[in-house]
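Enquirer: With the sequences and hints as input, model every part of the structure.
The numbering used here puts the last residue of the sequence shown at 243; the count rises by one with no breaks.
Don't take every hint at face value.
Claimed, not checked - Quick list of in silico lysine-lysine cross-link-like pairs, PhoX-like style, CA-CA up to 20 Å:
(1) Lys130 x Lys165
(2) Lys160 x Lys130
(3) Lys135 x Lys165
(4) Lys226 x Lys135
No lab work stands behind these hints: they were computed from the structure.
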Amino acid sequence: MRSAALTITLLSSLAAAAPTASTLTTREAPSPPPRIVSVSYSGSGCPSSAPGVDQTGDINGIALRMNAFEARTTTIADSSVNCQAHLSIAGSAAGWQVGVKDVSVKGHLVLDPGASLDYYVQSFWSEDADKTSTIKGTLANNGAAQLNQDITAHSTIPDGQVVYSPCTGAKGNVGLLNVNFRVALQAAGTQYGYFGKDPDTTASESWTYVWRRC
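Expert: In structure tokens:
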């Protein structure tokens, strides 16, 4: 496996944070915790007809392993891929709101010198779709040799900029959370770029939540 210098820049209209180990947000939360009633998928990296996604975790922290998620610079269409998860959440006590707080993305990355990968994680609630949180990260190869390695990047949304669900009522319905993960490879000329899987790694994303009373 060849490696090269990897420059990681995390940019966001909401947050900028260096990659670090994923951590749970420990704060007040409804008890017992709400449940994820259903999950569906859409997008070129997980089409609804055959999403190929393995879900682990629950409302305390969910992870999605996207087995068919691959982006490459062979064509313009293949260079940008997305997977959007739609989570119906219910069973909360009244008087609570929840929002996405920490996001991690993983996968196998190949970049020729000068090539880069932009990734985006966008979250919003269908009940108030005008309020959206968008995290953008850039992974760039500024070295002289091809980069070929597994990568992990982590970002945290500042407390004041978390997009929260509607306030839960007596029925305990939290809402429909939509989380869209998209990557876009940037390469000039014949530079090669790839993001997805290798024999021991599959593209994946995970996120944790923060709760507040309302």
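Enquirer: Determine for every hint whether it applies to the structure shown.
Expert: Hint-by-hint comparison with the structure:
Our distance criterion of 20 Å between C-alpha atoms is met by lysine 130 and lysine 165, whose separation comes to about 14 Å. With a C-alpha separation of about 15 Å, the suggested pair lysine 160 and lysine 130 falls inside the 20 Å cut-off, and the hint holds. Distance hint between lysine 135 and lysine 165 is fulfilled; the C-alpha atoms sit about 14 Å from each other, no more than 20 Å. For a cut-off of 20 Å, the pair hint linking lysine 226 to lysine 135 stands: about 10 Å separates their Cα positions.
Taken one by one, the earlier hints all hold for this structure without exception.
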